[in-house]
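Here is how the chains run, residue by residue.
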Amino acid sequence: MRSGVALKRSVLRKSGKLIPLYPTFFLVVFFLVPFTVMLAVSFFHRVEGAFFEPAFEFDNYLRFFDPFYLGILQFSILLSMAAAVLATAIAFPFTYMITRMSRKAQVVALVLLLAVLSLSEVIIGFSWSTLLSRTSGISNLFVSLGLLEKPTSYYPSLSAVLIGLVYLSVPYAVLVLYPPLSRLDPELPEAARMMGASPMRTFFTIVIPLLRRPIMSTLILVFVFTLGAYTLPQTLGKPSSWTLSVHITDQAIFQANLPFAAAMAIFLLVVTLAMIAVTSMLDKTKSEGDTK
Amino acid sequence: MPTLMNRRYFLGTSAAAAAGVIAAPSVLRADTGTLKVGTYGGFFQDSFDAHIYPAFTEETGIKIESISEPTGSAWLIQLQAAARAGQVPADVSMMTQIARLKGEKEKLWLPLDASSLANSANMPDHFIHKYESGEIYGLGAVSWYINLVSNTEVYPDAPTSWSDIWDAKYEDSLGLLALVDNSFLLEITASTFFGGTAILDTEEGILKVFDKLAEVKPNVRLWYRDEGQFQQALETGEIPMGQYYHDVTGLAAADGQPVRSTFPKEGGVLDSGSWCVLKTSERQTEAQTFINYMSRPDIQSKLSRFVGTAPTVAREKTDLTVEEFAAVSSDIAPIIPRYDIYAQRGDWLNQKWSQLIAS
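Chains as they are written, first to last, in numbering that gives the first Met the number 0: chain W, 0 to 291; chain G, 0 to 358.
Note that these hints are calculated values from the structure, not bench results. Some hints could be false.
To be verified - Here are the simulated DMTMM-like pairs of lysine to aspartate or glutamate, each with C-alpha atoms no more than 20 Å apart in a straight line:
{"no.": "1", "chain 1": "G", "residue 1": "106", "chain 2": "W", "residue 2": "52"}
{"no.": "2", "chain 1": "G", "residue 1": "351", "chain 2": "G", "residue 2": "330"}
{"no.": "3", "chain 1": "W", "residue 1": "149", "chain 2": "G", "residue 2": "297"}
{"no.": "4", "chain 1": "G", "residue 1": "104", "chain 2": "G", "residue 2": "134"}
{"no.": "5", "chain 1": "G", "residue 1": "351", "chain 2": "W", "residue 2": "58"}
{"no.": "6", "chain 1": "G", "residue 1": "278", "chain 2": "W", "residue 2": "120"}
{"no.": "7", "chain 1": "G", "residue 1": "351", "chain 2": "W", "residue 2": "47"}
{"no.": "8", "chain 1": "G", "residue 1": "211", "chain 2": "G", "residue 2": "171"}
{"no.": "9", "chain 1": "G", "residue 1": "301", "chain 2": "G", "residue 2": "58"}
{"no.": "10", "chain 1": "G", "residue 1": "216", "chain 2": "G", "residue 2": "166"}
{"no.": "11", "chain 1": "G", "residue 1": "129", "chain 2": "G", "residue 2": "170"}
{"no.": "12", "chain 1": "W", "residue 1": "237", "chain 2": "G", "residue 2": "214"}
{"no.": "13", "chain 1": "G", "residue 1": "104", "chain 2": "W", "residue 2": "47"}
{"no.": "14", "chain 1": "G", "residue 1": "278", "chain 2": "G", "residue 2": "64"}
{"no.": "15", "chain 1": "G", "residue 1": "301", "chain 2": "G", "residue 2": "48"}
{"no.": "16", "chain 1": "G", "residue 1": "278", "chain 2": "G", "residue 2": "112"}
{"no.": "17", "chain 1": "G", "residue 1": "106", "chain 2": "G", "residue 2": "134"}
{"no.": "18", "chain 1": "W", "residue 1": "237", "chain 2": "G", "residue 2": "170"}
{"no.": "19", "chain 1": "W", "residue 1": "149", "chain 2": "G", "residue 2": "152"}
{"no.": "20", "chain 1": "G", "residue 1": "104", "chain 2": "G", "residue 2": "131"}
{"no.": "21", "chain 1": "G", "residue 1": "129", "chain 2": "G", "residue 2": "339"}
{"no.": "22", "chain 1": "G", "residue 1": "216", "chain 2": "G", "residue 2": "200"}
{"no.": "23", "chain 1": "W", "residue 1": "149", "chain 2": "G", "residue 2": "170"}
{"no.": "24", "chain 1": "W", "residue 1": "237", "chain 2": "G", "residue 2": "171"}
{"no.": "25", "chain 1": "G", "residue 1": "351", "chain 2": "W", "residue 2": "65"}
{"no.": "26", "chain 1": "G", "residue 1": "351", "chain 2": "G", "residue 2": "203"}
{"no.": "27", "chain 1": "G", "residue 1": "106", "chain 2": "W", "residue 2": "47"}
{"no.": "28", "chain 1": "G", "residue 1": "168", "chain 2": "G", "residue 2": "152"}
{"no.": "29", "chain 1": "G", "residue 1": "62", "chain 2": "G", "residue 2": "281"}
{"no.": "30", "chain 1": "G", "residue 1": "104", "chain 2": "W", "residue 2": "52"}
Claimed, not checked - Below, a sample of chain G positions facing chain W; criterion: calculated Cβ distance under 7 Å:
{"no.": "31", "residue": "237"}
{"no.": "32", "residue": "250"}
{"no.": "33", "residue": "252"}
{"no.": "34", "residue": "255"}
{"no.": "35", "residue": "348"}
No experiment lies behind these values; they were computed from the predicted model shown. Note that CB positions come from ideal geometry on N, CA and C, so glycine has one too.
Working from the sequences, and respecting the hints, build out all of it.
Pasting the structure below:
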């Protein structure tokens with residue numbers, strides 16, 4: 000009997016040791032290996048008019064330090080930041096209001112919203128280009144309402160790209176914000192209301208500060224998510240609104256310049272990670288300051 | 000519509016594309032018993048499946064497995080990776096000229112036996128592709144025109160010259176192809192304003208052409224990569240003019256869409272695809288039989304009738320009527336793309352081009 004228990008324990012202990020192997024396996028096979036391959040390719044030598052050959056040189060990175068590509072990097076980062084702020088600003092009050100509704104209404108609202116996730120970027124891009132077009136877009140509605148004199152086109156443009164990116168990311172933002180917002184103790188805002196704070200004031204001085212961390216996570220998620228967007232900037236934007244991801248794809252698919260595409264992708268990854276690190280450090284310092 | 004969209008469908012529109020490029024070679028394992036032939040997925044592949052392959056199999060007994068390929072470098076990269084791994088995603092592939100030249104530099108194509116390609120005699124020299132050693136590795140497959148297209152409701156009178164796209168009255172109303180080496184706008188600009196493409200021989204000349212081309216930017220509403228995106232906008236009149244493929248425009252017009260394709264007086268851009276055999280293919284004999292068959296004048300005529308492409312053999316060798324020929328080609332001398340400059344200084348051209356359109 001006793002030995003049986005001991006055996007069970009030892010099996011449990013052994014299987015407990017095995018558990019980390021599963022995520023490790025996945026991380027190695029699906030992240031580490033491809034990343035290493037990409038890192039290696041980014042140092043390879045580009046053969047003009049052909050492919051590439053194994054080498055170790057920094058030419059691909061040096062080529063990136065051209066005002067043209069650095070400008071695109073800066074633009075891409077600012078665009079994703081704008082998309083992150085807008086998507087979070089839209090999603091946060093939306094999610095807050097949903098969590099105040101009945102359970103049934105919450106389920107319906109979430110299912111409807113999650114249905115958007117089933118749409119691909121291509122479909123979203125084409126739909127918005129139709130909605131923003133002169134011939135069949137929303138400006139025709141404005142004309143019939145007497146707001147505009149004649150129909151006009153709103154794409155391709157920077158705002159069209161931003162609309163598309165925000166539309167794409169709001170459901171994800173809601174998904175991240177929903178659990179913490181629904182766990183928020185309703186007594187806290189209620190107490191504020193009883194002390195005489197208006198609903199708006201309660202929202203801004205109680206709810207938002209309490210959820211600073213989930214808000215930061217949402218901003219980071221949408222930022223990273225939209226940084227990789229390729230289809231929307233190229234369908235809805237003018238060439239000046241094409242992000243680094245569009246240029247990376249051009250290099251990889253159309254120019255057969257995998258080393259340069261890999262170098263740009265690595266650079267984008269490093270910059271993104273650095274920005275996330277700085278953000279979380281600032282956040283940490285701030286929350287430490289708060290507790291003091 | 001969806002099938003038309005896909006003819007030279009740029010895989011780049013899908014986010015999965017990049018993953019596909021890397022994953023495909025291991026997925027596409029070599030099969031036995033049939034000749035695998037790659038053509039651009041969508042309209043091209045459907046037409047070949049319906050009108051060309053069955054008759055070929057009946058005549059030669061060689062079965063065809065039809066492979067869908069993306070255009071441009073995407074397929075080239077897959078072929079190259081497959082060849083390194085000793086695999087054969089397709090024995091014979093239809094390649095764009097720039098991709099073919101890149102493959103030539105890498106010796107990616109299997110040298111062919113000239114005596115098995117007797118029908119190459121029907122073709123002009125620029126469609127007989129040889130290594131420096133003189134060995135043939137490919138033959139022209141089909142040609143197609145990139146023309147001046149317009150919406151007939153918005154513009155009742157057809158534009159007649161490429162110079163029209165510089166005309167200020169077309170402000171913000173053009174759709175042009177987004178890449179330097181698929182729009183061939185350098186060649187168009189050179190032929191329209193600099194008396195021919197010879198000016199593209201030097202960097203200095205190319206920069207002059209770029210300067211002239213920059214003047215067209217205020218007229219451009221959309222720089223498109225995806226054909227479907229422009230075709231839809233052209234049909235609705237949203238973007239009523241631009242450059243587009245003559246064959247699909249003709250099909251859309253035949254479907255009743257208010258669109259037309261015009262051969263400009265400077266000539267349409269005559270682009271083409273060529274058959275190449277991957278060096279790892281073990282079906283050289285069958286591949287040669289296929290390429291030789293495709294180079295027959297009667298098959299080229301058939302392609303013109305059913306696929307809407309221009310013949311790669313001389314017109315007088317085909318049995319196309321005047322109307323049939325006019326539907327796919329023109330007597331106006333075409334603008335021939337300078338594929339050599341993209342092979343020589345593609346990276347430089349690409350960056351100059353990106354800066355031009357993005358600034």
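Consistency of the hints with the structure:
The straight-line distance between the Cα atoms of residue 106 of chain G and residue 52 of chain W is roughly 14 Å, inside the 20 Å bound, and the hint therefore holds. Taking the CA atoms of residue 351 of chain G and residue 330 of chain G, the gap is about 34 Å. The hint is violated against a cut of 20 Å. A hinted pair counts as satisfied when its Cα atoms are at most 20 Å apart, and residue 149 of chain W with residue 297 of chain G does not qualify at roughly 53 Å. Simply put, residue 104 of chain G and residue 134 of chain G have alpha-carbon atoms about 14 Å apart, close enough for the 20 Å limit, and the pair holds.
Restraint check for residue 351 of chain G and residue 58 of chain W: the C-alpha separation of about 18 Å stays at or below 20 Å, so the hint holds. Between the alpha carbons of residue 278 of chain G and residue 120 of chain W the distance comes to roughly 37 Å, so the proposed pair goes past 20 Å and is violated. For the proposed pair residue 351 of chain G and residue 47 of chain W, the alpha carbon gap of about 16 Å is at most 20 Å, so the pair holds. Using a Cα cut-off of 20 Å, the hinted pair residue 211 of chain G and residue 171 of chain G holds, with the two alpha carbons roughly 17 Å apart.
A C-alpha spacing of about 15 Å is found between residue 301 of chain G and residue 58 of chain G, which places the hinted pair at or below 20 Å, so the restraint holds. Annotation: proposed proximity of residue 216 of chain G to residue 166 of chain G holds, straight-line Cα distance about 11 Å (limit 20 Å). For the hint linking residue 129 of chain G to residue 170 of chain G, the alpha-carbon distance of about 45 Å lies beyond 20 Å, and the restraint is violated. With a CA separation close to 16 Å, the supplied pair residue 237 of chain W and residue 214 of chain G stays within the 20 Å bound.
Restraint check: the Cα-Cα separation between residue 104 of chain G and residue 47 of chain W comes to about 10 Å, which is no more than 20 Å; the hinted pair holds. With a CA separation close to 18 Å, the supplied pair residue 278 of chain G and residue 64 of chain G stays within the 20 Å bound. A hinted pair counts as satisfied when its Cα atoms are at most 20 Å apart, and residue 301 of chain G with residue 48 of chain G qualifies at roughly 13 Å. Proximity of residue 278 of chain G to residue 112 of chain G is assessed by CA-CA distance (about 13 Å); at most 20 Å being required, the pair is judged to hold.
Straight-line distance between C-alpha atoms of residue 106 of chain G and residue 134 of chain G comes to about 11 Å, which keeps the hinted pair within the 20 Å bound. Taking the CA atoms of residue 237 of chain W and residue 170 of chain G, the gap is about 15 Å. The hint holds against a cut of 20 Å. Distance hint between residue 149 of chain W and residue 152 of chain G is fulfilled; the C-alpha atoms sit about 18 Å from each other, no more than 20 Å. The hinted pair formed by residue 104 of chain G and residue 131 of chain G meets the criterion: a straight-line CA distance of about 10 Å does not exceed 20 Å.
A distance of roughly 14 Å separates the Cα atoms of residue 129 of chain G and residue 339 of chain G; the hinted pair therefore holds under the 20 Å criterion. Our distance criterion of 20 Å between C-alpha atoms is broken by residue 216 of chain G and residue 200 of chain G, whose separation comes to about 24 Å. For the given pair, residue 149 of chain W sits about 17 Å from residue 170 of chain G by alpha-carbon distance, which is consistent with the 20 Å threshold. Annotation: proposed proximity of residue 237 of chain W to residue 171 of chain G holds, straight-line Cα distance about 12 Å (limit 20 Å).
With a CA separation close to 12 Å, the supplied pair residue 351 of chain G and residue 65 of chain W stays within the 20 Å bound. Straight-line distance between C-alpha atoms of residue 351 of chain G and residue 203 of chain G comes to about 13 Å, which keeps the hinted pair within the 20 Å bound. A distance of roughly 15 Å separates the Cα atoms of residue 106 of chain G and residue 47 of chain W; the hinted pair therefore holds under the 20 Å criterion. Distance hint between residue 168 of chain G and residue 152 of chain G is fulfilled; the C-alpha atoms sit about 16 Å from each other, no more than 20 Å.
Our distance criterion of 20 Å between C-alpha atoms is met by residue 62 of chain G and residue 281 of chain G, whose separation comes to about 15 Å. Simply put, residue 104 of chain G and residue 52 of chain W have alpha-carbon atoms about 13 Å apart, close enough for the 20 Å limit, and the pair holds. About 5 Å separates the beta-carbon of residue 237 of chain G from the nearest beta-carbon of chain W, less than 7 Å, and the hint is met. Contact between residue 250 of chain G and chain W, as hinted, is not supported at the beta carbon level, the nearest pair being about 21 Å apart and thus beyond 7 Å.
Because the beta carbon of residue 252 of chain G sits about 19 Å from the nearest beta carbon in chain W, more than 7 Å, this interface hint is broken. Interface hint at residue 255 of chain G: violated, since its Cβ lies 17 Å from the closest Cβ of chain W, which is beyond the 7 Å cut-off. Contact between residue 348 of chain G and chain W, as hinted, is not supported at the beta carbon level, the nearest pair being about 10 Å apart and thus beyond 7 Å.
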